Structure formats: structure tokens, C-alpha cells
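Just so we're aligned: 2 in our numbering is position 2 of the sequence shown, and the numbers increase by one with no gaps anywhere.
To be clear, the hints were calculated from the coordinates, so they are not data collected in a lab. Don't take every hint at face value.
Below, a list of computed lysine-lysine pairs in the DSBU-like style, where the Cα atoms sit at most 35 Å apart [claimed, not checked]:
| no. | residue 1 | residue 2 |
| --- | --- | --- |
| 1 | K3 | K41 |
| 2 | K41 | K72 |
| 3 | K48 | K3 |
| 4 | K3 | K72 |
Note that the structure is a prediction, hence the values are computed from the model and not measured.
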Amino acid sequence: MKKTFSCIDAHTCGNPVRVVAGGGPILIGNSMMERRLHFLKEYDWIRKGLMFEPRGHDMMSGSILYPPIDPKNDIGVLYIETSGCLPMCGHG
């Protein structure tokens, strides 16, 4: 696993958003929900490091991009924010 993350910072409706385009950990699971649970169990320190001060903000939302599990999909997305790892997000 990389210790460096490739991020794009932006905003949605004035709230800070961080999209992690590279460097996310390899996750185990047959669905993004299973991979989300694996992330929460093993890698929540990454979310905290990317979302909270000094690199983040208390209103920060974000996402980590992954290749799709289902070849019919374009991308897999793991939504992260200061409150946790969400199943869906309108900001990130």
C-alpha cells in the first residue's frame, strides 16, 4: 500500500471536497459495501488523516476512487467524511 495519495481538492456548494484518485488501499470484498466494511475495520486511519486538520477541515467530504467490481459500471467509489465512511454521498 502506498503512503502517498493523489488527491484533487474542490468544493461542492462551498463545502470542501477531496477526491482521492490514487493511493487507496487494496480492499477485500465482492461489493463496494463489503469493501467499505473492510476499509472501516482496517484503514479508518486513512480517512482520519485525509479528512481532519491539519490536512482537512471539519466540513470535509471526500471519495476514494476504485476500479469497478461489475464491468458494467464505470468506477467504484468509497465515500469518506469526518463523520465516517458513508454508503452514499451527494458532496463527495
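Results for each hint:
This hinted pair checks out: K3 and K41 have alpha carbons roughly 18 Å apart, not beyond 35 Å. Distance check on the hinted pair: K41 and K72 sit about 28 Å apart at the alpha-carbon level, within 35 Å; holds. A distance of roughly 14 Å separates the Cα atoms of K48 and K3; the hinted pair therefore holds under the 35 Å criterion. Pair hint K3 plus K72 holds up; C-alpha atoms about 30 Å apart against a cutoff of 35 Å.
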